[in-house]
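Q: Chain by chain, the residues run as shown.
Number of protein chains: 2
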Amino acid sequence: MQQFNMAKMATNAKVASRVAAQLTTIEKNALLNSIADAIESNSDQIIKENSKDIEAGREKGLAEAMLDRLLLTEQGIKDISSAIREIVALTDPVGDIANLSLRPNGMQVGKMRIPLGVIAMIYEARPNVTAEAAALCIKSGNAVILRGGSEAIHSNLALANCLHQVLTEHGVDKNVVSVIPDTSRSVIEQLLKQSDTIDLVIPRGGEGLIRYVSENSRIPVIQHFKGVCHLFIDKYADLNKAINILVNGKTRRPSACNSLETLLVHKDIADEFLPLAAKALADAANVKIHACEKSLPYFNNAEQATDDDYHAEYLAQEIAVKVVDSYDDAVAHINAFTSDHTEVIVTQDTSRAQQFIRQINSSVVMVNASSRFSDGNQLGLGSEIGISTDKLHAYGPMGLESLTTEKFVVYGDGQIRE
Amino acid sequence: MQQFNMAKMATNAKVASRVAAQLTTIEKNALLNSIADAIESNSDQIIKENSKDIEAGREKGLAEAMLDRLLLTEQGIKDISSAIREIVALTDPVGDIANLSLRPNGMQVGKMRIPLGVIAMIYEARPNVTAEAAALCIKSGNAVILRGGSEAIHSNLALANCLHQVLTEHGVDKNVVSVIPDTSRSVIEQLLKQSDTIDLVIPRGGEGLIRYVSENSRIPVIQHFKGVCHLFIDKYADLNKAINILVNGKTRRPSACNSLETLLVHKDIADEFLPLAAKALADAANVKIHACEKSLPYFNNAEQATDDDYHAEYLAQEIAVKVVDSYDDAVAHINAFTSDHTEVIVTQDTSRAQQFIRQINSSVVMVNASSRFSDGNQLGLGSEIGISTDKLHAYGPMGLESLTTEKFVVYGDGQIRE
Numbered sequence: 001m002q003q004f005n006m007a008k009m010a011t012n013a014k015v016a017s018r019v020a021a022q023l024t025t026i027e028k029n030a031l032l033n034s035i036a037d038a039i040e041s042n043s044d045q046i047i048k049e050n051s052k053d054i055e056a057g058r059e060k061g062l063a064e065a066m067l068d069r070l071l072l073t074e075q076g077i078k079d080i081s082s083a084i085r086e087i088v089a090l091t092d093p094v095g096d097i098a099n100l101s102l103r104p105n106g107m108q109v110g111k112m113r114i115p116l117g118v119i120a121m122i123y124e125a126r127p128n129v130t131a132e133a134a135a136l137c138i139k140s141g142n143a144v145i146l147r148g149g150s151e152a153i154h155s156n157l158a159l160a161n162c163l164h165q166v167l168t169e170h171g172v173d174k175n176v177v178s179v180i181p182d183t184s185r186s187v188i189e190q191l192l193k194q195s196d197t198i199d200l201v202i203p204r205g206g207e208g209l210i211r212y213v214s215e216n217s218r219i220p221v222i223q224h225f226k227g228v229c230h231l232f233i234d235k236y237a238d239l240n241k242a243i244n245i246l247v248n249g250k251t252r253r254p255s256a257c258n259s260l261e262t263l264l265v266h267k268d269i270a271d272e273f274l275p276l277a278a279k280a281l282a283d284a285a286n287v288k289i290h291a292c293e294k295s296l297p298y299f300n301n302a303e304q305a306t307d308d309d310y311h312a313e314y315l316a317q318e319i320a321v322k323v324v325d326s327y328d329d330a331v332a333h334i335n336a337f338t339s340d341h342t343e344v345i346v347t348q349d350t351s352r353a354q355q356f357i358r359q360i361n362s363s364v365v366m367v368n369a370s371s372r373f374s375d376g377n378q379l380g381l382g383s384e385i386g387i388s389t390d391k392l393h394a395y396g397p398m399g400l401e402s403l404t405t406e407k408f409v410v411y412g413d414g415q416i417r418e
Numbered sequence: 001m002q003q004f005n006m007a008k009m010a011t012n013a014k015v016a017s018r019v020a021a022q023l024t025t026i027e028k029n030a031l032l033n034s035i036a037d038a039i040e041s042n043s044d045q046i047i048k049e050n051s052k053d054i055e056a057g058r059e060k061g062l063a064e065a066m067l068d069r070l071l072l073t074e075q076g077i078k079d080i081s082s083a084i085r086e087i088v089a090l091t092d093p094v095g096d097i098a099n100l101s102l103r104p105n106g107m108q109v110g111k112m113r114i115p116l117g118v119i120a121m122i123y124e125a126r127p128n129v130t131a132e133a134a135a136l137c138i139k140s141g142n143a144v145i146l147r148g149g150s151e152a153i154h155s156n157l158a159l160a161n162c163l164h165q166v167l168t169e170h171g172v173d174k175n176v177v178s179v180i181p182d183t184s185r186s187v188i189e190q191l192l193k194q195s196d197t198i199d200l201v202i203p204r205g206g207e208g209l210i211r212y213v214s215e216n217s218r219i220p221v222i223q224h225f226k227g228v229c230h231l232f233i234d235k236y237a238d239l240n241k242a243i244n245i246l247v248n249g250k251t252r253r254p255s256a257c258n259s260l261e262t263l264l265v266h267k268d269i270a271d272e273f274l275p276l277a278a279k280a281l282a283d284a285a286n287v288k289i290h291a292c293e294k295s296l297p298y299f300n301n302a303e304q305a306t307d308d309d310y311h312a313e314y315l316a317q318e319i320a321v322k323v324v325d326s327y328d329d330a331v332a333h334i335n336a337f338t339s340d341h342t343e344v345i346v347t348q349d350t351s352r353a354q355q356f357i358r359q360i361n362s363s364v365v366m367v368n369a370s371s372r373f374s375d376g377n378q379l380g381l382g383s384e385i386g387i388s389t390d391k392l393h394a395y396g397p398m399g400l401e402s403l404t405t406e407k408f409v410v411y412g413d414g415q416i417r418e
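As you go down the protein sequences, you meet chains B and C in turn.
Residues 1 to 418 in UniProt numbering are what the first sequence lists, from first letter to last.
Residues 1 to 418 in UniProt numbering are what the second sequence lists, from first letter to last.
Take the hints with a grain of salt, since some may be wrong.
Copies of the same chain look alike in the list, so a pair counts if it fits in one copy or across any two.
EDC-like cross-link-like pairs, simulated, lysine to aspartate or glutamate; straight-line CA separation at most 20 Å [stated by the list, open to error]:
1) K8 x D173
2) K52 x D182
3) K111 x D96
4) K48 x D68
5) K407 x D375
6) K48 x D37
7) K226 x D196
8) K111 x E384
9) K193 x E215
10) K14 x D173
11) K14 x D328
12) K279 x D238
13) K235 x D413
Think of the hints as simulated: they come from the structure by calculation, not from any bench.
The structure displayed is predicted, hence computed values, not measured ones.
With the rest of the complex left out, here is chain B (with noise of 0.2 Å):
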């Protein structure tokens, strides 16, 4: 085999985004069918190749639930596809332009919205996500370069391959998509220090994979590394609301991102809500507890809270709960621990949640809702392709737009400047 040259993929993914730049929507929704019914139609030899990741997996003793990511069925693929189908439903931004206005020399201006232009992405072991980031991408009018997890690398080689077959015959540069055949890990070394030809660098995985990437990057990068986020059950709040909220936010799905980790409590609550939290939680999944002073009193077996445990992200059934003597008191707990990922108020009073959407800057701030619905998906921006929670560029659940920014254009008759 002949040794890998990260730039030369890289410059080949900037001479192909020129390419993708230009399709148009009728083009890329045309291509993206294609390769949905591909996936498709190529299932058994995706799975062939599949098992042998999960072999390899296998022999290498990962762990069940990683083997369990890794795995791809029949079902698993039609679900590809069928994301895939989502996607082409989804409004393309590429195009559109924003508030064409006059100025008084008569130009008209307005800023045009654009592909970022190339777009890495790193990731762990899901299989799926080199078909989905793959399919935003081209919708976006992006190339992408891919590199998934070495343990996937047979089955993200496959699906690759599908890719390249669909974009030859369509007759676009088939480098608008690349899958990195090597895994080692220099050559993600390599690949952050493209800065000529790669726009952005998105992470998705653990948090040390992030900053990782964060730390050597000399291309700008989407950063998300934790998700701490809040629920702040406020003097004035509607104590059924307030349960059922609490429940769904931690108990659900607790290994997701925006799940909760922090209970904050307004002390003048706190003695009718906390003995209604304390049994919804032990019912629903027998959450472990870390309660501050005040709150210990009202749950069994609970542990005292230390300030690690106001800035864990427990991702399981944990949780930490503290009373607080105001709202302030919240809005500074918050403001002291925050990942800036998502905080919740549940509150009837219509000032108290006006003053936490406008005070707490976290990407995504709620009133009576759970943290749960911090996803793209859930958003309303249709697939969601990370999560930032840095504030430059995008912040927050990320969807085609923030692979896109603008460009002014301006339409003259011959204006010069005097």
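Place chain C on chain B using the hints.
A: Chain C alone, transformed into the frame defined by chain B:
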């Protein structure tokens, strides 16, 4: 004097940024008006401090042009105050919610514009940047850390003094504006590490400064290395417009980044256009020409152009000229040599105009208008804080809106996720 502590200044700015974010437009405008007044009424004091910089600059043998940019006259100070009053008149972007839409489950979801947080500006000699950047950051609800050139340190501290007085009088945390008193280069290194507290770095100055900041920053950086702006005279050009746009774009203020550096001419119109261009450029400013083989005969004393000329940002009365065989060749040349700043086509053909607007993805793309309009003020943004030729976050001239981001806001009534 106490040892200067960069991390402490950044932490204080972060705390102050929460105050700045919550100011109403009325409060921010009152602050800015008071700042404009205070700068005028402290004119004598500021000029006295400025004269220390001028004196030190002379001793250090600064060039006259540099001293000129450094000098603050009474008129110069009035201009600063006027610039701040213009910022008062701009629309405050903070708090606007775009597209509050209803989800199928009854939740309302929208995106609210919020300040970025803490912005650091690193710039060279001009002290007016100190006041104007501070005003733009205040208006957009941000805290700002300013690091001007060491040559302007007395002027900058005098201006900071004025700002701090006004902030204190208005009962606002004075750390909303911080001027770094330490003029050592090592302080920039420290500043670029404060990624936990500083949200964005905007360097303004030469390519060396911007490269240094980009390569050493752990914080996102707005990048703008250079402006190699192209003017393409299409075969369907109106020659009058073409000549005006060429002369205006090249000769009006060649040291600006939006001045023209390369002229591309369609071969079918070269015979007619180039003699007019040669005369106009010679008459206007005796412009030095670097011509391709085909255009060489049209000019007196032109030099043969090399690829270096097509890469060059002359920032002087100099221009590279190239005859291209087709529209596609013009686009290919621009794609190969673009700095992603500004490109202009002169054509009367609507298809060509639309093609150019769609195909060229520089930050400003123009039809039949001078590249000199590529400027925040001219494009209708009001004051400009910088320009980005990097597609992330902002692209092109940056106004108030580029100092903000959007968070998701969700208004529910007890919704949970099934």
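Q: What are the numbers of the hints the structure violates, in ascending order?
A: Going through the list in order, the structure violates no hint and respects every one.
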